[in-house]
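Visitor: In case you want the letters, here they are:
There are 2 protein chains.
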Amino acid sequence: MDANIPSEALRRRVATAEDAAASIRDGMTVAMSGYAMAGYPKAVTEALVRRRQAGDDLTVSLVTGANAPWLDDILGAENIIARRAPMCASRTLASQINGGGVRYVEQQMSKMPRLLRGGYFGAIDVAVVEALGFDRDGNLIPTSSIGMTHHLMDAADAVIVELNSAQPEILRSLHDIHIPAAPPDAEPIPLVRVDQRIGTDSLPVDPDKIRFIVESAAPERLGSQPKGTPLTKRIADHLFEFLELEVRRNGGVLPPFQTGFGSLADSIADAFQHSAFRDLRFFCGGITQPVMELLASGKAAALSTGGLGMSDRVEQILRDVPNIRNHLVIRNGDITNNAEVVGRLGIAALNTAIEIDVYGNVNSSHIAGNRVVNGIGGGAHFAQNAGLSVVLIPSSAKGGAISNIVPMVSHQDIAEHDVDVVITENGVADLRGLDDGERADAIVARCADEAYRGPLQRYLDEARSRRGGHHPQWPEEAFGWYRNLKEHGSMLGEDA
Amino acid sequence: MDANIPSEALRRRVATAEDAAASIRDGMTVAMSGYAMAGYPKAVTEALVRRRQAGDDLTVSLVTGANAPWLDDILGAENIIARRAPMCASRTLASQINGGGVRYVEQQMSKMPRLLRGGYFGAIDVAVVEALGFDRDGNLIPTSSIGMTHHLMDAADAVIVELNSAQPEILRSLHDIHIPAAPPDAEPIPLVRVDQRIGTDSLPVDPDKIRFIVESAAPERLGSQPKGTPLTKRIADHLFEFLELEVRRNGGVLPPFQTGFGSLADSIADAFQHSAFRDLRFFCGGITQPVMELLASGKAAALSTGGLGMSDRVEQILRDVPNIRNHLVIRNGDITNNAEVVGRLGIAALNTAIEIDVYGNVNSSHIAGNRVVNGIGGGAHFAQNAGLSVVLIPSSAKGGAISNIVPMVSHQDIAEHDVDVVITENGVADLRGLDDGERADAIVARCADEAYRGPLQRYLDEARSRRGGHHPQWPEEAFGWYRNLKEHGSMLGEDA
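Protein chains in written order, with my numbering: chain A, 1 to 496; chain G, 1 to 496.
Heads up, a few of these hints could be off.
[As the list claims (entries may be wrong)] Some residues of chain A that are not near chain G, with every Cβ distance over 10 Å (derived):
1. 22
2. 108
3. 122
4. 253
5. 263
6. 298
7. 319
8. 346
9. 368
10. 432
11. 436
12. 471
13. 476
14. 479
[As the list claims (entries may be wrong)] Simulated crosslink set (BS3-like; lysine-lysine; CA at most 30 Å straight-line):
15. 233/G / 398/G
16. 299/A / 209/A
17. 299/G / 227/G
18. 111/G / 111/A
19. 398/A / 299/A
20. 111/G / 486/A
Since the hints were derived computationally from the structure, they do not count as laboratory data. Please read these numbers as outputs of a predicted model, since none were measured by experiment. Think of the CB as a built atom: it goes at the ideal place given N, C-alpha and C, for glycine as much as any other residue.
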């Protein structure tokens, strides 16, 4: 391990997780490394949980790019998180947020560098960051994500480094770190290819800030990977059929893809395995096993990610794919969620959603408009800047009790103008160049669940005749669908 | 005039506006030059109106970046527009759209290059473009805007050029045209300063497409410029007070500003004249007289715009400001509304709105959710990518009958996460780093109209207790405010 700690001064800071965790006091603002589901600290986190279980008063404000269920689950279960930014990654924590016990500063990942530089999450007392080690110059070598760790360390008074020997050493070769200067000194980001390297492999850190170095060996493991279902396969088939047309229209150019999180996103990634597409490229905030399998099978040629979800199989792929450094890049969040890069690469954003309305407005974060599931994350920003913005969503949920295509979204994360194409298991609505009425007709006819097509069309007819205007909506009636669900167990109400 | 038509072949295409207009047939898709309120064709437009008034069947689908009331007014008054993209610039046309007589493909300006390249507005039969002339290589020299004229000409089967000798020749020296390649060939845009020139001064055009060249001398004139009122002055004073703090926090760096359209935007620009700020820079989709006055007085150092609203006074400023080319750049829309450039420059976006809700979601386009006023335009995209996103809005309208701060916006163009600061005549709510509850409390306490503070607070209390969740909303109650307005003449309902 000593090889990973270059100086005697730093070696003197080696401590137990307990000692390091003891420096975190009740009421502090704590930052943690991590991006997507990867690269968060584990030993100090577990020590915090043990302290709490032993009866210590300990609640903190937590800022981390990690969208890792494990982290929010074990801290949330002990009520250690009093305030959280910018994501919420577990049902436990979401439930606390929705119950009013935890304050949640939901924010887009793309905004975090700017807000952290501005100090808008308050004084950060300590940043706990996972690393493989330090390089000879004392720079930090991250693990399975880079994210916004440098911004967190810059903003923090103190840094606790967790050297995790269970993270594979090969990760060291995959990083590419380019930290753009803030305006007015910002320059163009030279990235023009998904697999291009434009930076360094380690993060600058002020050695005086490093208070503790904790050695751990805690493997990072995602939960079981969802398998596709007949439903997700039908959505994927429609997507691929659409993409084949699109590629032909575009002179054979297949765009790089962005996929989000969750079982539908994973299932779509898995389905690409059986598609006719080759040389797939992905440019994502996070990548998990199904996308890595595309690299293993040779279907994918280039992956760029902010975080790499680890599993035994992913570790095996990291070992087995020849010259993996030429095909897989782990980048910092300044680049993965950057409008400049997303726009230039012409990314095809494949977003999933909770519900979408007849005009194409998307709710990706709040059930029934008030109960947060996860947060806006990076999806809206990808959709805004993509070369092609696709929303993939099953037409209904809960055995048909819920239509995922609703008259009016109960909460809006992505505006209709940032959605090009909607795909459900029933079909594809290509909205480009359509006006609001045409969009609604296309979404209802091609995408809606059969049982809801009539009610949606009746809603549109009524909204058009009773309320009229360029964007006919009839909120009283629209929100009656949620009341129906609550009172009658189905959005169809008594007709169900 | 011949000096402006370089070849004999082109000189043979000189025709009357009537002859050119006669080539536009009923049902065609017609593109027109123009961006913001500037640079649209006038002679052919008037000839179309005369044809219609003479009894010709003539309705067209109109695609233009112009947001010019004159154009939409005179075409709209004769019911010549059957379909319009991507903006709506006049009350006449808005009324036709809201009445269902005109189809309106509302779209963000930033999306237009991509959608035009993809052919999503159908086959464009003819592009009518205003120009000062041609250069020696046959490239077109635009007038007071550049916008998306090149994309329109590329997409069109035929081009009608309107050489307008009433547009000042000095405009020729102000253009800077840089047309980024589409993905996958896109490269970084080298722009790092508001007043930097990175391109050429003329637009490529296929000479074989040019069917007619019409000579005209029609001055382009905006309507009267609004003067500030005591209300707009109070909003401006709060803005300047906030900006002074912000500049101090940022080490003295004053960001470049983006302002939108309308009387509040113009009044704020005018108010900068009496602020303490110097060396102001503006990076806008459109600039009108109040911003040009800042250049005339020496308050502003650098202006970049997609379109320059003309007036006698603006022409005078163009003549009087020494070396104006060093201070004023007219760019194409690919650059003015580009996320890459907006983000890199750290633009402070100053958007106005119809209404904003307690969480900071913004409706900038649709009254009561259904009746469009103008369209989403560029505002949302500036807000999404800005270094600082400010919404400026009077707290109430119609003598207090309407609260511009509502429980839940009836239509959403900008999501709360893309709004940093809300400013009304009552104060400033800096939302950065706040959670939803804190955002709501700040907006109600600092910005709301006094008469609505109680009702808004009661709404929040009820939504929190009855509905709860991370983002408490109670749509039935929220939309009751619009019903109150309709039934009782005030959002306060019977209590008014």
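Visitor: All hints, please: hold or fail.
Guide: Against the structure, the hints come out as follows:
Non-interface call for residue 22/A relative to chain G: holds, since the shortest CB-CB distance, roughly 28 Å, exceeds 10 Å. With a cut of 10 Å on Cβ distances, residue 108/A falls inside the contact zone with chain G, its closest approach being about 5 Å. With a least beta-carbon separation of about 7 Å from chain G, residue 122/A fails to lie farther than 10 Å from that chain, contradicting its non-interface assignment. Non-interface call for residue 253/A relative to chain G: violated, since the shortest CB-CB distance, roughly 6 Å, does not exceed 10 Å.
With a minimum CB-CB distance of about 22 Å to chain G, residue 263/A clears the 10 Å threshold, and the non-interface call stands. With 10 Å as the threshold on Cβ separation, the claim that residue 298/A sits away from chain G holds: the shortest Cβ distance comes to roughly 21 Å. Annotated as non-interface, residue 319/A keeps its C-beta farther than 10 Å from every C-beta of chain G; the closest such distance is 31 Å. Listed as a non-interface residue, residue 346/A fails to keep its Cβ farther than 10 Å from every Cβ of chain G; the least gap is roughly 3 Å.
Residue 368/A, annotated as away from the interface, has a beta carbon of chain G within 10 Å; the closest lies near 8 Å. Look at residue 432/A: its CB is around 4 Å from the nearest CB on chain G, not clear of 10 Å, so calling it non-interface is violated. At the 10 Å boundary, the C-beta of residue 436/A falls inside the reach of chain G, the nearest C-beta of that chain being 7 Å off. At the 10 Å boundary, the C-beta of residue 471/A falls inside the reach of chain G, the nearest C-beta of that chain being 5 Å off.
Not every Cβ of chain G is farther than 10 Å from the Cβ of residue 476/A; the closest lies at roughly 6 Å, contradicting the non-interface assignment. Not every Cβ of chain G is farther than 10 Å from the Cβ of residue 479/A; the closest lies at roughly 4 Å, contradicting the non-interface assignment. Restraint check for residue 233/G and residue 398/G: satisfied, since their Cα atoms lie roughly 18 Å apart, inside the 30 Å limit. Annotation: proposed proximity of residue 299/A to residue 209/A is violated, straight-line Cα distance about 44 Å (limit 30 Å).
With a C-alpha separation of about 18 Å, the suggested pair residue 299/G and residue 227/G falls inside the 30 Å cut-off, and the hint holds. About 21 Å separates the Cα atoms of residue 111/G and residue 111/A, which keeps this hinted pair within 30 Å; it holds. Taking the CA atoms of residue 398/A and residue 299/A, the gap is near 34 Å; set against the 30 Å cutoff, the hint is violated. Distance check on the hinted pair: residue 111/G and residue 486/A sit about 39 Å apart at the alpha-carbon level, beyond 30 Å; violated.
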